[in-house]
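All chains, full assembly: derive it from the sequences and hints.
Those letters in the sequence shown? Residues 473 to 756, per the working numbering, in order.
The hints are simulated quantities; they were obtained by calculation from the structure and are not laboratory data.
Just so you know, even glycine gets a beta-carbon here, dropped at the ideal spot from N, CA and C.
Each hint should be verified, as a subset may be incorrect.
[As the list claims (entries may be wrong)] Label pairs and their computed distance ranges (CB to CB): (1) 546 x 568: 18 to 24 Å; (2) 736 x 543: 33 to 39 Å; (3) 645 x 559: 39 to 45 Å.
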Amino acid sequence: MWPLDPSRKEVLGFAVSCRVLTLALQALFNAIIPDHRAEAFSPPRLAPSGSADQLVEGSAHPIPQPLLQLAVDQGYRTAEGNKPPWCSWELPLIYSYIQDVYWNVGFLRYYELKQVPNFLLAAPMAVLVAWATWTYVTTHPWLFLTLGMQRSKNKRTLEKPEPGFLSPRVFVYLVHAAALLLFGSLCMHVQVLTRFLCSSTPIVYWFSAHLLLDQEPLLRSLEAMPGKPPAGHPPPGQKVPRNSMMGLLYNWKTCSLVTRCILGYFVTYWLLGLLLHCNWLPWT
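Here it is in structure tokens:
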């Protein structure tokens, strides 16, 4: 095992601490909130006698008539019903059929008044990616117009490209993120847009870090080399630990508005998602 420099040790320790905290909170929430009759989804079990024809949960009995009538009224398929249309397709794709008929997934199908809360839930992530796209396009209009297939005529850009999020190498990732945002906003259930973007593109995290470094004076006061204390003395009432993110949380009251919005959103989403999703409550 090769030795790790101090900055990598801090990142690794922070990641492990977050994972341990997540598992501890999940265990706590599972103990507080019941599992909502999860045994109803368990497979049928044999009776104590062990005979195969005596099943607990009544699965050996026929389906009740009211339940069958409900299936007919709702248009559901039953065992004795006709075959669904997708079985006769040249390319029988059941997933496309389910999306179209049962999930109502399609272009602008989700744009209904009753879905406004789901749009509000996905709005912060959509705004973040749209903001990242606008910032990058306005910084590199030539790169956007030529789709990166022709180099810029600026000799300064060729000799020393801009580092960080605004680097020309980020362009392909930005196009991918913009395409995901466009497709997810127009053709998907919008409430899954947050996890769709967070798990598919690094632009979400790169641009958040770019905003923090650009808008937060506390981070700009730190030296470029990791693991070193800040140059001079920090402002009165501020505490700057070795981990920059923990430093921002410690000095929450003195942080800028952009920093509060970004950190507040990610921390709140993490806690609420952990509390609700692991207990089978509506969350994305």
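Results for each hint:
At about 21 Å, the CB distance of residue 546 to residue 568 agrees with the hint of 18 to 24 Å. Our hint of 33 to 39 Å for residue 736 and residue 543 is violated, since their Cβ atoms are close to 46 Å apart. Here the CB-CB span from residue 645 to residue 559 is close to 41 Å, well matched to the stated 39 to 45 Å.
Violation of the numbered hints given earlier is confined to hint 2; every other hint is satisfied by the structure.
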